[in-house]
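One line per chain: the protein sequences are A and B, in this order.
The numbering of the first sequence is the numbering used here, which starts it at 1 and goes up by one.
The numbering of the second sequence is the numbering used here, which starts it at 428 and goes up by one.
Hints listed in this document are in silico derivations from the structure and should not be mistaken for laboratory results.
Please note that a few of the clues may not be correct.
[Stated by the list, open to error] Mimicking SDA-like on lysine to any residue, the simulated pairs with C-alpha atoms at most 20 Å apart in a straight line are:
#1 A:53 with A:162
#2 A:195 with A:183
#3 A:166 with A:201
#4 A:166 with A:143
#5 A:166 with A:214
#6 A:166 with B:452
#7 A:166 with B:454
#8 A:195 with A:146
#9 A:53 with A:146
#10 A:53 with A:64
#11 A:166 with B:444
#12 A:166 with A:146
#13 A:166 with B:432
#14 A:195 with A:64
#15 A:166 with B:453
#16 A:166 with A:52
#17 A:166 with B:441
#18 A:166 with B:442
#19 A:166 with A:266
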Amino acid sequence: MKTDLWDAVVVGAGPAGLMSALTTAQGGLGVLLLDAQPGPGGQIWRGAAAGQKGAAGELLRAVATHPAITVLGGAEVIAAEAGGRTHTLTVTSAAGLRQIHASRIILATGATERFLPFDGWTLPGVVGAGGLQAMSKGGLDVRGRRVVVAGSGPLLLAVAAGLRHKGARVLAVAEQAGLPAVAAFGVAAARLPGKSREALALAAGLLGVPYWAGCAVVRASGQHGLQSVTLRRGRREVTLDCDYLAVGFGLVPDTRVAALLGCPLDGAGAVHVNAWQATGVSGVYAAGEVCGIGGVDGALLEGFVAGCAAGGQIERLHDAPRRAGLQRRFQATLERSFALRPAQLPTPSPRTIVCRCEDVRHGELRGFTDWTAAKLQTRCGMGACQGRVCGPATETLYGWHFGGVRAPLLPLPLAQLLDEPTTLSPP
Amino acid sequence: MPELTLEGMRVTARPGTTVLAALQNAGLSPLRFSLGGESRGALCGMGSCAECRAVVDGLTVRTCLTPVRDGQDVRRLLEVSRED
Chain A
1 MKTDLWDAVV VGAGPAGLMS ALTTAQGGLG VLLLDAQPGP GGQIWRGAAA GQKGAAGELL
61 RAVATHPAIT VLGGAEVIAA EAGGRTHTLT VTSAAGLRQI HASRIILATG ATERFLPFDG
121 WTLPGVVGAG GLQAMSKGGL DVRGRRVVVA GSGPLLLAVA AGLRHKGARV LAVAEQAGLP
181 AVAAFGVAAA RLPGKSREAL ALAAGLLGVP YWAGCAVVRA SGQHGLQSVT LRRGRREVTL
241 DCDYLAVGFG LVPDTRVAAL LGCPLDGAGA VHVNAWQATG VSGVYAAGEV CGIGGVDGAL
301 LEGFVAGCAA GGQIERLHDA PRRAGLQRRF QATLERSFAL RPAQLPTPSP RTIVCRCEDV
361 RHGELRGFTD WTAAKLQTRC GMGACQGRVC GPATETLYGW HFGGVRAPLL PLPLAQLLDE
421 PTTLSPP
Chain B
428 MPELTLEGMR VTARPGTTVL AALQNAGLSP LRFSLGGESR GALCGMGSCA ECRAVVDGLT
488 VRTCLTPVRD GQDVRRLLEV SRED
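Start from the sequences and build out the full structure, keeping to the hints where you can.
Structure follows, in structure tokens:
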């Protein structure tokens with residue numbers, strides 16, 4: 001297995017990872033920046049071009065042209081071990097496995113969507129809300145497609161506007177949170193610099209699209225693919241014929257690599273960090289959504305702080321703590337406003353599949369008291385996704401603690417484990 | 428423009444797009460059958476759910492993370508239900 005030594009490794013090339021890689025490199029360190037996607041940008045800046053106008057283009061270009069930063073796309077961490085002074089990551093890519101040692105690691109692993117099961121959610125055409133946005137950015141043609149966007153969180157609005165811009169017909173946005181909560185979030189967002197302009201642009205992109213607060217997803221119907229979705233507004237059920245149901249119930253910090261390194265989490269399941277974005281493990285920092293869901297501005301700020309701290313440039317921080325305070329208050333409002341309300345969430349029937357990889361149904365799972373027992377008895381969480389979809393779902397459905405994180409984080413081809421990796425091109 | 432083969436059918440795709448998008452735009456649904464024989468399609472679009480896996484040039488990959496390349500041969504997992 002090829003091994004190499006870096007001053008710092010940044011895991012995840014979204015806004016937080018890009019910013020922390022750049023800031024760390026400006027401190028004179030050599031930085032390796034990894035991402036599972038073929039190119040940098042993360043989900044929010046996916047497909048953005050280095051050099052295009054705006055914050056994304058500028059940061060992408062600064063990272064691409066910095067001589068001390070190496071970007072490795074299509075690379076995922078499958079194992080991680082914290083050492084006293086040097087930490088070790090095992091990384092898989094098309095070129096095989098490589099072992100990477102570094103004294104500083106910055107985790108910018110972002111978040112994934114929370115999916116909740118309901119009848120019909122496994123039909124082709126039922127996709128994540130951020131999922132459909134990602135597919136569209138990846139080249140899926142949505143022109144003329146009828147889309148219902150549902151679930152919870154401000155992401156739904158951004159997704160609806162983005163899909164509409166790409167030519168989709170968005171029939172409705174169905175939010176589980178109630179109108180007063182959503183309005184409170186809007187007021188808080190308007191107080192943040194830059195956010196009110198962003199909100200206006202969003203609103204303009206959504207003119208004429210019904211936004212239904214306090215609305216629940218009941219079921220998706222179809223034979224071999226999605227044909228319609230049934231929603232509940234108040235006591236009335238509404239059925240809409242559509243091509244896609246884009247549905248997600250907020251974001252879940254992706255703490256898998258952090259867990260392998262032994263970083264303590266906070267009560268909300270995010271990586272716990274101090275004012276310098278340092279985790280509980282010496283030399284390991286975290287920034288962005290992995291520390292709590294707060295959006296791109298907070299992610300950039302945290303990435304900057306983490307980079308300053310990892311690169312020993314405390315003098316550059318100036319008013320960062322004050323700005324971070326503003327972001328944290330915004331984050332708290334976001335969390336409160338879009339808290340999941342059990343009465344407004346989809347209700348699985350005993351036949352509803354919860355674990356999609358192993359086809360394990362709600363009726364088989366609901367009698368168990370914890371994740372481990374259910375996993376041992378039913379194979380829930382033991383398939384290709386390793387609990388990344390059903391783990392967060394069972395937390396919401398049954399109140400279990402999903403503790404299934406272990407190496408390797410991904411199913412690996414045996415050949416990668418057995419072969420002496422030989423022809424790794426330089427990163 | 429990259430030209431690839433989807434289930435024996437020649438299609439072109441825009442550079443920088445994913446194999447998943449090529450499959451979806453060609454109308455190939457379902458992408459796979461589940462253990463119990465149900466039709467499945469892509470879910471997360473960002474590499475975590477593994478619902479979009481298919482065989483590209485003989486290797487099972489998550490197609491949402493796989494960029495299109497000229498000459499790729501893509502087959503859906505319609506025969507194999509359990510992952511390799």
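A quick look at each hint next to the structure:
1. A:53 with A:162: Satisfied, since the Cα-Cα distance of roughly 18 Å is no more than 20 Å.
2. A:195 with A:183: OK: residue 195 of chain A and residue 183 of chain A at ~14 Å, within 20 Å.
3. A:166 with A:201: holds, 15 Å
4. A:166 with A:143: Holds, because 6 Å separates the two Cα atoms, which is no more than 20 Å.
5. A:166 with A:214: The given pair, whose Cα atoms are some 27 Å apart, is violated under the 20 Å limit.
6. A:166 with B:452: holds, 14 Å
7. A:166 with B:454: holds, 18 Å
8. A:195 with A:146: Roughly 29 Å separates the two Cα atoms, so the pair is violated.
9. A:53 with A:146: violated, 31 Å
10. A:53 with A:64: holds, 15 Å
11. A:166 with B:444: It holds: about 15 Å lies between the C-alpha atoms, which stays within 20 Å.
12. A:166 with A:146: Holds, at about 12 Å.
13. A:166 with B:432: violated, 26 Å
14. A:195 with A:64: The given pair, whose Cα atoms are some 28 Å apart, is violated under the 20 Å limit.
15. A:166 with B:453: holds, 18 Å
16. A:166 with A:52: holds, 19 Å
17. A:166 with B:441: holds, 16 Å
18. A:166 with B:442: Cα-Cα ~18 Å, so holds.
19. A:166 with A:266: At roughly 38 Å apart (the allowed maximum being 20 Å), residue 266 of chain A and residue 166 of chain A break the hint.
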